[in-house]
Structures are given as structure tokens and as C-alpha cells.
Amino acid sequence: MNAARESAVRIAVLFPDLLGTYGDGGNAIVLARRLAWRDIDVDIVTVAAGEAVPDSCDLYLVGGGEDGPQVQAAGELAASRALHRAVDSGATVLAICAGMQILGHRFPDAHGNDQSGLGLLDCDTIRVDRPRAVGELLTGDVTILAPDGHPFDIGILTGFENHAGRTVPGAGARTFGRVEIGEGNGDGTEGVITGRIIGTYLHGPALARNPRLADLLLAWATGVDSLAPLDDSEIDLLRADRVLAARKHELAPRRSWRDILRGS
Amino acid sequence: MSTSPASPPARLSIRSRLAVGVGRAVAGASRLVHFGTGSVIGGRASLLVDSNLLRKLTAHRDVVIVSATNGKTTTTRMLSAALETTGPVVSNSLGANMTPGIIAALGPTALTEPAVLEVDERWVGSVLDATGAQTLLLLNLSRDQLDRSQEVRKLAQHWKTAIGQALPGCVIANADDPLVVWAAVDAPDVTWVATGQDWTSDAAGCPACSGRIEFDRSSWHCTGCDLQRPTPDIVWDDSTITIDDRTIDLELGLPGRANRANAAFAIAAACRLGAQPEAAARAVETVTEVAGRYRVASLDGVSIRLLLAKNPAGWHEALEHLAPRPAPVIVAINARIADGHDPSWLWDVDFERLGGRFVVALGERRHDLAVRLRYADVEHVIAETLDEALLLVAGSPHHDPERAVDIAANYTAFQEYLDRVGGPE
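Sequence order for the protein chains is S and Z. Read in order, the letters of the first sequence correspond to residues 1 to 264 in the UniProt record's numbering. Read in order, the letters of the second sequence correspond to residues 1 to 425 in the UniProt record's numbering.
Everything labelled a hint here was simulated from the structure, so no lab data went into it. Check each hint, because a few of them may be wrong.
[Stated by the list, open to error] Reference listing, derived: stretches of chain S covered by chain Z, where coverage requires no fewer than 3 residues with Cβ under 8 Å from a Cβ of chain Z:
1) 27-39
2) 196-205
3) 230-241
Predicted model only: the values in this text are computed from it and were never measured. The beta carbon of each residue, even a glycine, is placed where N, CA and C say it ideally should be.
With the hints as constraints, model all of the structure from the sequences given.
As C-alpha cells, then:
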């Protein structure tokens, strides 16, 4: 990194080759554009499996993935402890789905056996005997207390979930609060928050529909409390569309009798 | 291609004939009330009467199965054309690629006519078992409709198990897709096709050992075990294909690298099944439109071209086929059952490549697409209907009325617009 970019916000995308099944790369795009539109420099550091994880980035993105790659990613992060060091020095982390599971204390592998997690998020993920949770996920209005006690309103969280595990937040862990539509953690709550680490079952490009959550992560990562407002009107249209669809349990928008008979 | 002289006369039981008849009647009724081709519902009705119908319909014919995430319809069409140089061939040409659709296609045909079947990735095992197919074409595997389909690796395992159980005599497989190689490598006789596939995002982890696959310019290998790119038996370039050390000219009617790979599979399979390479190549060249893909038509006085892309690997190819920049383009996204309910994959597509064009976002998930385009810094507007989209494009600065406007759409959006211009074929 050259001297001119030392002030840039450094965002690490961890193992997109292992954890990136569901468009997770979108979160880095969203964060990078929201910084660029505000004339804040950004460096995206993509870390492939097998490569050394830097411990000096401001923000880390850990995506969702399949069972096998999930175990491999957990193993690499446990061995290097780079993410632990980054968190100790104040880094912000967004961990999606399988990413959230491996940041917790333990999670089940493909055979249902317990694997040790990184212990950075205060939660346990266990296997339960129920069908995969697949569909729109909607929470109530969310306000997150930053570590300094400053409240940050991020509105309703909207997204898609697709996971089998059930996540039990620890006694001291915070969550995004109640799920309105969908499964979330499985106990009526969604997500786990420990310090500046956010885990969520909103899978894939979770920040695309939730610009206030993106700005919370950026506020933490940059240390700037009030980032300049952006024109999010198109995103508001998308949010309204998906909130309505979730409340109408409209998994298949405008599916006609003709579609049903065709089996499509 | 012939049936063995010792086989019993090719004749269906009364029950099976009734099943075929019921299926055709239901399909006909479905068509009559304009519920589409009726092939799926007709096939389902047939199966209710005779659940073993597929086995009986294929007992006396040679069967070829074509499966993949992308390109199966096109390859099936090309292979049918190539094999027709040797005699009549039956195929599920409308893309209904699970057991009911296959039954609907086979039901009305002579019981000894060879069949080229496009088969959904998840149905390869059951169709292979029921038909005893001796030839299997495996083109590629990548992420597609992950909210309903199985994860990519589980599909590769499914293929591997299916091959291990059925032991088809001739497997033709993609040497450049690690998941396909792992699935096919234990088959008794594999013909490897070089495809130059450059979508590698779904195969970074080794399916055999959970090690890491390393890709370099023209090859790949696992860093943890001995899985590696097999030496291809079939190679091709922009204008030729080389098969069994013979190089044949090939000028396709369809655009793009993926279609050249599809043609290589089709010609290779046709030759294994007795076609002459030259004749097979000439037949494959005649394929210019497959189930409406690449259809050029006129709609309200505007010339349009329909492109289908269903998943990130498909979009990766489709964006390459668009009219050159700065031609405007209409992109349409739905998320019905057949599309997958979750369009998160929009973020796996490099829509930044649309920069410098005017884009109209269309379809039931136009707002998801618009947000993706906003973050890609691509100039765009949202339209609610195809007519509105065409008006917007016609009024845009770089629209050339002499050139067809490209409409790139995913599955159900594509079907809707294809119906508007007269349906398939």
C-alpha cells in the first residue's frame, strides 16, 4: 500500500472462493461504492483460501457457503488467528450465514458433528431436525447500540435466508431483535452482535437491501459518526417491494394458474 | 445404431399404451385451453396410469442423456441435428427435462427410434436408471437457483454416484470443469472435451479432498490430491474442431464460446454413435435458434433479439453476445419457481460490463436489478412493461433503428416475451 492511500478504509473479503455461494461479493461492492460516493478512499483486499489473512484491515467480510468449504474456512481462520488479532484491535466484521456460524463457539459440519468455531461471536449453532429455512426474512425496526452507547437506527432488516442450522445467542449476546417474517436464529430473534462483529442469517448481498446497516458498519470502520447522506431512493423502492412481498408471504410473485399447471 | 436381434418385439403393454393415450389427451386438453404445450401435465397423467412407463418406452432404443447447468437445451438440439444425419431421432426439444416431459416426448414415437434427452441435473440418476442410457454428456456445473436446487457439490456427488451405479458405456465430459471431471473420472470410458470454460467461481474447493483447485491459463489441478485436468480428446478453436486427430471446419450459426463448446460435445457424441464427423458438423451449423433463444423479431415496429441467461455463468456468456457498446439493452429479471425465488446471484454477475450503455431494468424483480445497476454505476431506468421498455429504448440517444434491440432475460421473463413474438420455433 502506498503512502497516498494510507488513509483509505481497508476492507478484507475473506475466502470468496470458499464462502461466496450466494452473491456475498455484493456486500463489498455496496460498501466500496458508498465510500467512493462520499469521496472516501477504499482498498478492497481479497483473500483467497490458503493465502495469509491480514490483521490490519478496518472491516472484514465473511460470507456464506456450503458445509465443506465452511469447515475449511474455519480451520484456516483458527490456525492463523489473524481475525482474532484484528478484532482485538477494534476491527468491524460482517459475517453472513455460514460465516456467522463459524465465528460462534461451535457449529455442525456436513455430518452433524460439532466443529469448534472461532469464539468471536457469542453464539452456538446446532443442527435441528427441521426443513431448511428458505424464504424472505423480515425483522421489526432495529436500533443498535454502538459500543459507546450511541443508538443507531437501521430500520427494518429485509433479506433472503437459506440455512439449516439453528443459532442460540449466548446469555450476554445482543441480536437484531424480533423476526417478523421468516426463521432467523430459530428462537424468534435474528442475528448476533458482539462488540463490532455483526452476524446475520440475511444471506448473500445483505447490505444491498439494508443501506443503514451498511452505513453502521462504515461508521464503525471509519470512526466517522455521521457519514454524508446518499440518495437511496431506488433502494427504498426495493425495500418497499420486498417488505410487501414478505408480509404477503409472496414467495412466487404473481404466480398464475398457468404457471402451476406448467409446473414452473 | 440398432437393437439386438435377440430382443423381444418392440411393443408396449395395454396399460402402457393407455398411459400414453391418457397423457396425450391431457396434454391436448391443456393446449386447447392455452395452458402452454401441456407436455409436463400430460406426462404426469401418463405416470399416474403407469409409473414404470419411462423404462418401457426406452427398453428398445438407444438413449443419450445430456445434462448440465448451462447449454443442455442447445447441445441436445445440436446433437439431434447431427444424429439425424443417420436416421430419425426423437428428443424432448421443448426443454421439459424431467421424467414427465421426457415421457411426453417419447410416448408418440416408434419404440426403436433413438432418443436424445435433455435431463435436469437433479434427475440424471433416475433417468439413467430407468432408460439404461449408454451415452451420457456432462457439460458443466455451476451455481443455479440455490434456494431450490441442491448445492453444486451435492449435484456433482449425485452424478458420480449415478455413473457408479449405471456404468454407462460412453461418457463425454468437460475437461475444464473440476466438478464434472471428479463426477465422471471413474466411468469406464470417458471422452474429454476441452471447453476453455472461464467461469471458475464454483470450483475453487476440490470436490475430492476439500483442498484448493489452482487454475492457470489453460489447465488446472488440485493442490491437495491428484485430481487434475485430463488430457482432452476433443479440442476446437474459432473455426475448427479436432476429433480423433481429424480437423474439421466449423462455422456455427450461434454466437459465443459456450456454443462452440456445446457444438464440440454434440459432434463428439454423434461420431461415437456412428455419424460421420463432416456430416455431423454441417448439421450442427444449421442450428440458428434453440427454443427461441437468439430469436430476432419485430414488436410494435421495434426490432428485438431475445437472449436467455439463467444464472451467473450464463450471464457471463450472454453479456459477451450483446450488440457492441453503446447500444442500449433491456435486462429482465423474474424470480418465480422456475427462476429460483432468490435473485442474490445478481451480485455474482459482472453488470459493471454494461457501463457506457443505457439499460432498462424490467421484470418482476426490476427493483433488485435497478439497485444492482446503481451500485455498478450503470445508467438505467425502470420499466414496468415490455412496451414501456421498448419506448424508452427507442427514445434513447444511441438506439439504432436498423439494429435489433437486445433483450436479455432470465427464464420466465424470457418465456413471456417469447410468447409475445409467437412462441418457440
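Status of each hint after checking the structure:
1. Counting residues of the stretch 27-39 of chain S whose beta-carbon sits less than 8 Å from any beta-carbon of chain Z gives 3, enough to reach three: the coverage restraint holds.
2. Check on the stretch 196-205 of chain S: 3 of its residues sit with their Cβ under 8 Å from a Cβ of chain Z, so the three-residue criterion for coverage holds.
3. With 5 residues bearing a CB less than 8 Å from a CB of chain Z, the stretch 230-241 of chain S meets the requirement of three and the coverage assertion stands.
When held up to the earlier numbered hints, the structure conflicts with none and fits them all.
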